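A.B. asks: What follows is each chain in one-letter form.
There are 2 protein chains.
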Amino acid sequence: MYVFTYKKSDIMSENHVIHTMLNHKSVRKYKNEPPTQEEIEQIVRAGQQAPFVSQLYSVLLSRNREKHPFKAPLMFTICVDIQKMEKIMDKKGWKMVTNDLSLLLFGIQDAAYMAQNMVTAGESMGIGSVFLGRAIYIAESIKKEYQLPDRVFPLVQLAMGYPDEDEPPRPRYPLDFVLFENKYPELTDDLIDKAVSMMDEGYLQQDYYRKLNAKIKLSGDKEDRFTYDDYSWTEHISRKWGQWYDSIETPLKQLETCGFHIVTDEED
Amino acid sequence: MYVFTYKKSDIMSENHVIHTMLNHKSVRKYKNEPPTQEEIEQIVRAGQQAPFVSQLYSVLLSRNREKHPFKAPLMFTICVDIQKMEKIMDKKGWKMVTNDLSLLLFGIQDAAYMAQNMVTAGESMGIGSVFLGRAIYIAESIKKEYQLPDRVFPLVQLAMGYPDEDEPPRPRYPLDFVLFENKYPELTDDLIDKAVSMMDEGYLQQDYYRKLNAKIKLSGDKEDRFTYDDYSWTEHISRKWGQWYDSIETPLKQLETCGFHIVTDEED
Chain U
22 MYVFTYKKSD IMSENHVIHT MLNHKSVRKY KNEPPTQEEI EQIVRAGQQA PFVSQLYSVL
82 LSRNREKHPF KAPLMFTICV DIQKMEKIMD KKGWKMVTND LSLLLFGIQD AAYMAQNMVT
142 AGESMGIGSV FLGRAIYIAE SIKKEYQLPD RVFPLVQLAM GYPDEDEPPR PRYPLDFVLF
202 ENKYPELTDD LIDKAVSMMD EGYLQQDYYR KLNAKIKLSG DKEDRFTYDD YSWTEHISRK
262 WGQWYDSIET PLKQLETCGF HIVTDEED
Chain H
22 MYVFTYKKSD IMSENHVIHT MLNHKSVRKY KNEPPTQEEI EQIVRAGQQA PFVSQLYSVL
82 LSRNREKHPF KAPLMFTICV DIQKMEKIMD KKGWKMVTND LSLLLFGIQD AAYMAQNMVT
142 AGESMGIGSV FLGRAIYIAE SIKKEYQLPD RVFPLVQLAM GYPDEDEPPR PRYPLDFVLF
202 ENKYPELTDD LIDKAVSMMD EGYLQQDYYR KLNAKIKLSG DKEDRFTYDD YSWTEHISRK
262 WGQWYDSIET PLKQLETCGF HIVTDEED
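Chains as they are written, first to last, in the numbering used here: chain U, 22 to 289; chain H, 22 to 289.
Errors might be hidden in some of the hints.
Given that identical chains are not distinguished, each listed pair holds provided it fits within a single copy or across any two copies.
Here are the simulated lysine-lysine pairs, DSSO-like style, with alpha carbons at most 27 Å apart [as the list claims (entries may be wrong)]:
{"id": "1", "residue 1": "116", "residue 2": "274"}
{"id": "2", "residue 1": "112", "residue 2": "92"}
{"id": "3", "residue 1": "165", "residue 2": "113"}
{"id": "4", "residue 1": "50", "residue 2": "232"}
{"id": "5", "residue 1": "116", "residue 2": "92"}
{"id": "6", "residue 1": "204", "residue 2": "112"}
{"id": "7", "residue 1": "261", "residue 2": "108"}
{"id": "8", "residue 1": "52", "residue 2": "92"}
{"id": "9", "residue 1": "236", "residue 2": "46"}
{"id": "10", "residue 1": "243", "residue 2": "50"}
{"id": "11", "residue 1": "50", "residue 2": "238"}
{"id": "12", "residue 1": "236", "residue 2": "204"}
{"id": "13", "residue 1": "92", "residue 2": "108"}
{"id": "14", "residue 1": "261", "residue 2": "236"}
{"id": "15", "residue 1": "50", "residue 2": "112"}
{"id": "16", "residue 1": "243", "residue 2": "108"}
{"id": "17", "residue 1": "238", "residue 2": "108"}
{"id": "18", "residue 1": "215", "residue 2": "113"}
{"id": "19", "residue 1": "215", "residue 2": "52"}
{"id": "20", "residue 1": "52", "residue 2": "243"}
{"id": "21", "residue 1": "215", "residue 2": "236"}
{"id": "22", "residue 1": "232", "residue 2": "261"}
{"id": "23", "residue 1": "261", "residue 2": "238"}
Think of the hints as simulated: they come from the structure by calculation, not from any bench. This structure is a prediction, so every number in the text was calculated from the model and none was measured.
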């Protein structure tokens, strides 16, 4: 059995930044006490300083914990924001000419870099968080709730607060399944099996899915032969991407609702 | 004139993580000495531990500094990688059913979160970097160079090495142009003017564009009335997004080349 451990040189790092990152875990149980206004501003400021300086994002904040997943004290919604850039350009007599797909490819990066800094900044102050990927599917309702103008697209939500649990960092692929020098290698059975083992044995060791009661049901009348003794990451992720049939119309419609058109080039 | 400074509470932070993030700056001049193999692995491992665990990315590495922008000792190309997930699912008898637009929206986040951790991890060890946004436009040539299989899309490149310059952190929007509580506000002239001033005065103070000789030329026969005494961020960014006419066909074609189809839903 592959035992999931960090090399001592990783986890014992005296570099506080590396240590904070290697120690990352999503938090799903929060204390009542909310982070202070100063902490919130510190976290967002650290996010802002991330690279890529078109600054094509905005951050929405809600402190209405009763409405948040896991009753997290804070909920940030990180949006791709093209409106602000267009307003600034308008003031200077310019008009945006770049197509919406390119803008999204850059804007999502801008927003994601800032979001990741917010996660790490929070953890450095003892404040935990979890990303919620649902935003792109509920963009229309987020738009209504926060009264978003056109050209602002909610990319991801980040629930945040002081952790009321102490979970270990989660497994990741082995380095040689991620980092490739000079040439993308053939993914041999050996490489894949090693990655699968590292993920599956790692999650089983932590009893992750049983604790969360997070098994994804099999659709139709397929018999489920997995119990929480052998249900692990690759089974979970396969059921997710292998059953979550989501037509391209779904994200396209949410993008359209927010004023982004990536199907036809209206400028032609 | 708006003077661009950090609040003392920001920059003097004793929190090494926050300090590292607020002190971030892109590096365009590198020492010859390359980071060690151990440092490289530490940086990528810190990147891997970023949230979102579909791990839909791969990282390509080149150490051929003669071929890199700014002759940086290292060049990472961070890719959205759906192939690995599909190979794992295939081994377990599953088939991907989600559409490529949804996969990209999640995969870009996966890749970007890891990329941003790599930037911060590097800086914590004194290793600087700069993102190169060109990857999505030269995906086809990157695919050839690294012999990428289908379903792998180069999102962004990250040049890295020990800095041979010491530039200050760059200006960012004021916090009240970025963080909105409960409701997206009307962007009044006041709010926009304040953001424009903060960016423009900040970059002028640093003499940024003159030092880089980075003025973007006006297309056609427009007269350029700006000198490096008044050419700053909002003028630069307006010229970029206001002149860089890039048809949606350009990024669509690069995505197609890499095996991503976001125009029609082929599964319907």
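A.B. asks: All the hints need checking, so say for each whether the structure fits it.
C.D. replies: Verification of the hints:
In this assembly of identical chains, residue 116 and residue 274 lie within 27 Å of each other by CA distance both inside one copy and across copies; the values are 25 Å within and 25 Å between. For the identical chains of this complex, residue 112 and residue 92 are neighbours neither inside a copy (41 Å) nor across copies (38 Å), given an alpha-carbon limit of 27 Å. In the homo-oligomer, the alpha carbons of residue 165 and residue 113 never lie at most 27 Å apart, since the shortest distance is 30 Å inside one protomer and 41 Å across protomers. With identical chains, the CA atoms of residue 50 and residue 232 are at most 27 Å apart within one copy only, with a shortest distance of 13 Å there and 49 Å across copies.
Taking the shortest alpha-carbon separations for residue 116 and residue 92, neither the intra-copy value of 42 Å nor the inter-copy value of 35 Å comes in at or below 27 Å. With identical chains, the CA atoms of residue 204 and residue 112 are at most 27 Å apart between copies only, with a shortest distance of 24 Å across copies and 47 Å within one. In this assembly of identical chains, the alpha carbons of residue 261 and residue 108 lie at most 27 Å apart only when taken from different copies (15 Å versus 40 Å within one copy). For the homomeric pair residue 52 and residue 92, the shortest alpha-carbon distance inside one copy (9 Å) is at most 27 Å, but the shortest distance between copies (49 Å) is not.
For the identical chains of this complex, residue 236 and residue 46 are intra-copy neighbours only, at 20 Å inside a copy versus 43 Å across copies, given an alpha-carbon limit of 27 Å. Taking the shortest alpha-carbon separations for residue 243 and residue 50, neither the intra-copy value of 33 Å nor the inter-copy value of 59 Å comes in at or below 27 Å. When the C-alpha separation of residue 50 and residue 238 is checked against a cutoff of 27 Å, the pair qualifies only within one copy, where the shortest distance is 24 Å, while the shortest distance between copies is 53 Å. In this assembly of identical chains, residue 236 and residue 204 lie within 27 Å of each other by CA distance neither inside one copy nor across copies; the values are 37 Å within and 36 Å between.
With identical chains, the CA atoms of residue 92 and residue 108 are never at most 27 Å apart, being 36 Å at best within one copy and 37 Å at best between copies. Taking CA atoms no more than 27 Å apart as the test, residue 261 paired with residue 236 passes inside one copy only; the shortest distance there is 10 Å, against 48 Å between copies. For the identical chains of this complex, residue 50 and residue 112 are neighbours neither inside a copy (46 Å) nor across copies (35 Å), given an alpha-carbon limit of 27 Å. In this homomeric assembly, residue 243 and residue 108 come within 27 Å of each other (Cα to Cα) only across copies, at 22 Å, whereas the closest approach inside a single copy is 53 Å.
Taking the shortest alpha-carbon separations for residue 238 and residue 108, only the inter-copy value of 22 Å comes in at or below 27 Å, while the best intra-copy value is 47 Å. For the identical chains of this complex, residue 215 and residue 113 are inter-copy neighbours only, at 14 Å across copies versus 56 Å inside a copy, given an alpha-carbon limit of 27 Å. For the identical chains of this complex, residue 215 and residue 52 are neighbours neither inside a copy (38 Å) nor across copies (37 Å), given an alpha-carbon limit of 27 Å. When the C-alpha separation of residue 52 and residue 243 is checked against a cutoff of 27 Å, the pair qualifies neither within a copy, at 40 Å, nor between copies, at 59 Å.
Taking the shortest alpha-carbon separations for residue 215 and residue 236, only the intra-copy value of 23 Å comes in at or below 27 Å, while the best inter-copy value is 50 Å. When the C-alpha separation of residue 232 and residue 261 is checked against a cutoff of 27 Å, the pair qualifies only within one copy, where the shortest distance is 18 Å, while the shortest distance between copies is 50 Å. In the homo-oligomer, the alpha carbons of residue 261 and residue 238 lie at most 27 Å apart inside one protomer (9 Å), although the nearest pairing across protomers, at 49 Å, exceeds that limit.
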